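Residues 0 to 69, numbered by numbering that gives the first Met the number 0, are exactly what the sequence shown covers, in order.
Each hint should be verified, as a subset may be incorrect.
What the hints assert, rightly or not - Listed next, the in silico DSS-like pairs over lysine-lysine satisfying Cα-Cα at most 27 Å (straight line):
{"id": "1", "residue 1": "19", "residue 2": "2"}
{"id": "2", "residue 1": "38", "residue 2": "8"}
{"id": "3", "residue 1": "33", "residue 2": "2"}
{"id": "4", "residue 1": "7", "residue 2": "33"}
{"id": "5", "residue 1": "2", "residue 2": "67"}
{"id": "6", "residue 1": "63", "residue 2": "2"}
{"id": "7", "residue 1": "7", "residue 2": "21"}
{"id": "8", "residue 1": "62", "residue 2": "38"}
{"id": "9", "residue 1": "53", "residue 2": "2"}
{"id": "10", "residue 1": "38", "residue 2": "7"}
{"id": "11", "residue 1": "8", "residue 2": "53"}
{"id": "12", "residue 1": "53", "residue 2": "7"}
{"id": "13", "residue 1": "19", "residue 2": "38"}
{"id": "14", "residue 1": "67", "residue 2": "38"}
{"id": "15", "residue 1": "33", "residue 2": "63"}
{"id": "16", "residue 1": "18", "residue 2": "8"}
{"id": "17", "residue 1": "67", "residue 2": "53"}
{"id": "18", "residue 1": "62", "residue 2": "2"}
{"id": "19", "residue 1": "33", "residue 2": "19"}
{"id": "20", "residue 1": "8", "residue 2": "21"}
{"id": "21", "residue 1": "2", "residue 2": "38"}
{"id": "22", "residue 1": "21", "residue 2": "2"}
{"id": "23", "residue 1": "7", "residue 2": "18"}
{"id": "24", "residue 1": "8", "residue 2": "19"}
{"id": "25", "residue 1": "38", "residue 2": "63"}
{"id": "26", "residue 1": "8", "residue 2": "33"}
{"id": "27", "residue 1": "2", "residue 2": "18"}
{"id": "28", "residue 1": "33", "residue 2": "67"}
{"id": "29", "residue 1": "33", "residue 2": "21"}
By construction, these hints were calculated from the structure, which means they are not laboratory data.
All values derive from a computational prediction rather than experimental measurement.
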Amino acid sequence: MFKTITIKKSVYDELMGFKKEKESFSELLDRLIKSQSRKDLLLSLRGSMEFENKNDLLIDIQKKRWEKRN
0 MFKTITIKKS VYDELMGFKK EKESFSELLD RLIKSQSRKD LLLSLRGSME FENKNDLLID
60 IQKKRWEKRN
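Based on the provided sequences and hints, a complete structural model is requested.
The structure is reproduced here in structure tokens:
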């Protein structure tokens, strides 16, 4: 299954600097995710993404957390 994501050009350019020759972006992202703790990964990604509606996103996250706890 494939998903399409949108990133800023500046983020794309930075990712290109980390990408190995013949490595797909999926492989790159998988490698980066596995190379750091989740906390460190989130901290390193902080500010590199923009959301169209942060409030809706936060509400959705809270709902999903509540569902997992119950």
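Q: Would you mind confirming whether the straight-line C-alpha gap from residue 2 to residue 18 stays at or under 27 Å?
A: 19 Å, holds
**Q.** 27 Å Cα cutoff - pair residue 33, residue 63
**A.** Roughly 24 Å separates the two Cα atoms, so the pair holds.
Q. Has the given pair, residue 33 with residue 2, been kept, meaning a C-alpha gap of at most 27 Å?
A. 20 Å, holds
Q. Between residue 67 and residue 38, is the straight-line Cα distance small enough, at 27 Å or below?
A. Holds. Residue 67 to residue 38 sits at ~20 Å (cutoff 27 Å).
Q) Keeping to a limit of 27 Å between CA atoms, is the pair of residue 33 and residue 67 held or broken? A) The given pair, whose Cα atoms are some 24 Å apart, holds under the 27 Å limit.
**Q.** Given hint residue 33 paired with residue 8 - CA-CA distance at most 27 Å
**A.** Holds. Residue 8 to residue 33 sits at ~24 Å (cutoff 27 Å).
Q.
Given the hinted pair residue 2 and residue 67, is their Cα-Cα distance within 27 Å?
A. Distance ~24 Å between residue 2 and residue 67 Cα, so the pair holds.
Q.
Between the alpha carbons of residue 7 and residue 33, is the straight-line distance 27 Å or under?
A. OK: residue 7 and residue 33 at ~23 Å, within 27 Å.
Q) If you draw a straight line from the CA of residue 67 to the CA of residue 53, is it 27 Å or shorter? A) 21 Å, holds
Q. When you check the alpha-carbon spacing of residue 33 and residue 19, does it fall within 27 Å?
A. 16 Å, holds
(Q) Check whether the Cα positions of residue 7 and residue 18 lie no farther apart than 27 Å. (A) 16 Å, holds
Q: Given the hint that residue 62 pairs with residue 38, test it: the Cα-Cα distance must not exceed 27 Å.
A: 21 Å, holds
Every hint from the earlier list agrees with this structure, and none is contradicted.
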